[in-house]
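Start from the sequences, fold in the hints, and give me the full structure.
Quick note: the sequence shown uses numbering that gives the first Met the number 0, first residue 0, plus one each step.
No wet-lab data here; the hints were simulated from the structure.
You may find that some hints are simply not true.
[Stated by the list, open to error] Listed next, the in silico DSBU-like pairs over lysine-lysine satisfying Cα-Cα at most 30 Å (straight line):
no., residue 1, residue 2
1, K66, K47
2, K71, K60
3, K45, K60
4, K60, K47
Since the model is a prediction, treat every value here as computed from it, not as a measurement.
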Amino acid sequence: MTEFQSLTYMHIYIESCILRSIMRTTLDLPEDLLNEAMRVSRIETKTKVIVTALQELVRRKRISDLKQFQGKVHLDMDMDTIRSRK
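So this is what it looks like as structure tokens:
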């Protein structure tokens, strides 16, 4: 038996509702990885753990994209005035 054959894959049908459109997708995912993600996140459904992972991926990418502007945007603000400490 090859290593590939020994891996257990599961087919997951993901149904997501976005603005009343439903997308159904079949994925081949390593079962042990999916189970570990569900265990460590304490999320009980496969769909929810995948949606959560995708949302986290998008969030991290957006933060990464914003970091390119760090130190490059000049804002003419007085933080003491903004915080009403004047």
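Open item on the list: What's the verdict on K66 and K47, does the C-alpha distance respect the 30 Å limit or exceed it?
Closed with: 29 Å, holds
- [ ] Could you grab the alpha-carbon distance between K71 and K60 and see if it respects the 30 Å cut-off?
- [x] This hinted pair holds, its Cα atoms lying about 19 Å apart.
Task: Restraint check for K45 with K60, where alpha carbons must lie at most 30 Å apart - done: Given that 30 Å is the threshold and the Cα spacing comes to 23 Å, the pair holds.
- [ ] Below or equal to 30 Å on CA atoms is what counts here, so check K60 against K47.
- [x] 20 Å, holds
Comparing the model with each numbered hint stated earlier shows that all of them hold.
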